[in-house]
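*Asks:* The lines below spell out each chain.
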Amino acid sequence: MNLRAISAGFKQQAIQFLADPQWIIPSLISPFLMTMVMIFLSSGGTTIEGPVVLQAVLGGGVLGMWASSLFSSSSSVSFDRINGTFEPMIGSGTRIIYVLIGRSLWSTFIGLLNAFIVFFIAELMFGAGMHVENPMLFFLTLLMAMLSLSSVGLLISSLFVLTRKGGTISSILEYPLYVLSGALIPISWLPGWMQSISVTLAPTWGVDAIKYSALTDHTGILGVSFATDIFMCLALSIILILLSYVVMLYVERKVLRDGTATRY
Amino acid sequence: MSNIINIMVSSAKNDFLSKFAIVHPLTRLLVIMLTNLFSMYFFFLLAGYVGNPDVTPEYVIIGNVVQSVATSTLYSTSNISRTEKHTGTLEPILSSPAKLFHVFLGKSAFGITMGFVSVIVSLTYAVLLFGVDFGSANLGAIAVVTVLTCLSLAGMGLAIGGIGIYLRTASILASFFGYIGLLICGVNFPITYLPSWLQIFSYGMPLTYAVEATRMAVGGATLSMMANPLMIMVSLGALYLVISWFMFRFFENISRKNGKTDSF
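Residue numbers (this note's numbering), protein chains in the order written: chain A, 1 to 264; chain B, 1 to 264.
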């Protein structure tokens, strides 16, 4: 574990973000609109209240975290290619995976900020009634869900080293997780084969844990307990991080062998 | 006049060549196919889950067919200035004798074409996957509405793109206007559900009238029956195009004076 490289990756991503902080807005717009659409759809043009509002706001927060993770991970290596910094990075003695982990950690932080912005605006606009029984537990589950989303983002970052189409392809990946994670629509509404995919995704369990900690009468996906959610989310996230490491080792060797580091 | 047309044609040609050089046409088509499929399915599920009797899944699907033009044409044309800044080609264009407005007008052809492709893909899904009944639809009217929608939204996109010349990145505006239709243009629920202050913005968007006209055409209405929304939509598109001409002059001058043509 190269902590120095992770720390440098985190710092560099933070500096780039702070130099152009408006990037947070595009990743907020789409999730926030989804939340609003769900709220207005369920209102039927009359009252805007009830548990569906709280569910929409919680779901919107998760979508905000996913959008942040997805767009930052897809643009991560693409920007290096555009800026001409990918070749020096790959030529250094540090494994790129550690740099990407550092960057993902920054995205995790911004993703959490995204979620809180969605909660805050929804509270201001609709008085969503964000009453959380155990704020600390809620925060921890939110952090865990964000880490699970970042682990998916890390794998995407690793794979996108192979392509210059990362930015374009990332737009495909936005909605599938909206559907499969159960953030807005419970996965019990999905066809059986899709539910099978959902349960293999770490964020699905993270989303369920968030709902457990925030909604009083939540029964859990497939009737599982809160502890199972935590275990599954952490276990699947670790598997994804290990998989990213293996993929990155292969990708690094391939890029060096083929000499395609800065082909753009 | 012929010189202006030449500039527009060569700009359009260059734009197609560069966009397709980065992302192969088949890959781009695949991205449109998958993105539209997942987004339509998401709102289809959401409408079913919320269970509002006024908003059937069919209602939402037709709305999202039209919305796909906004995410392609409006987003793409709004984002032209950002693309030029990122690839470092805005300054060479500005230093050429051609007017920036004519160059961007030519480049909007790409967004318009992608809008057509996107609608065709979405309509195919609507029929084959989501079971929307086009038995009594006026297909000729749907085609006319689609053409006029793409052109009107390109006019609006250019007005937004004009502001982007001055901004560090136009992606915020492009994201905002590309997706705001999901909420305020009657795509997923009637605009009467919105607060009255928000409905004012709905009436300023060409997409609102495009959605209304398309719903009428799917119901079998003739072009004369939908003349009202079509006239307003085309008038708005033309108005935005005129505004964009002034926008380009205004922001181009400011950028030149401040030496910020290529800052991002």
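Please keep in mind that the hints were generated in silico from the structure rather than gathered at the bench. Hints may be right or wrong, so weigh each one.
Claimed, not checked - Beta-carbon label-pair distances, calculated as ranges:
#, chain 1, residue 1, chain 2, residue 2, range
1, A, 85, B, 5, 47 to 57 Å
2, A, 238, B, 21, 52 to 62 Å
3, A, 85, B, 143, 40 to 50 Å
4, A, 256, B, 135, 25 to 35 Å
5, A, 189, B, 124, 19 to 29 Å
6, B, 200, A, 189, 50 to 60 Å
7, B, 13, A, 231, 36 to 46 Å
8, B, 120, A, 3, 48 to 58 Å
9, A, 162, B, 48, 34 to 44 Å
10, B, 259, A, 220, 37 to 47 Å
11, A, 228, B, 203, 21 to 31 Å
For glycine and all other residues, C-beta sits at the position ideal for the given N, C-alpha and C.
*Asks:* A separate judgement is required for each hint: does it hold in the structure or not?
*Replies:* Hints versus structure:
no. : hint                      : in the structure
1   : A:85 x B:5: 47 to 57 Å    : 41 Å, violated
2   : A:238 x B:21: 52 to 62 Å  : 40 Å, violated
3   : A:85 x B:143: 40 to 50 Å  : 47 Å, holds
4   : A:256 x B:135: 25 to 35 Å : 59 Å, violated
5   : A:189 x B:124: 19 to 29 Å : 24 Å, holds
6   : B:200 x A:189: 50 to 60 Å : 35 Å, violated
7   : B:13 x A:231: 36 to 46 Å  : 57 Å, violated
8   : B:120 x A:3: 48 to 58 Å   : 52 Å, holds
9   : A:162 x B:48: 34 to 44 Å  : 38 Å, holds
10  : B:259 x A:220: 37 to 47 Å : 59 Å, violated
11  : A:228 x B:203: 21 to 31 Å : 50 Å, violated
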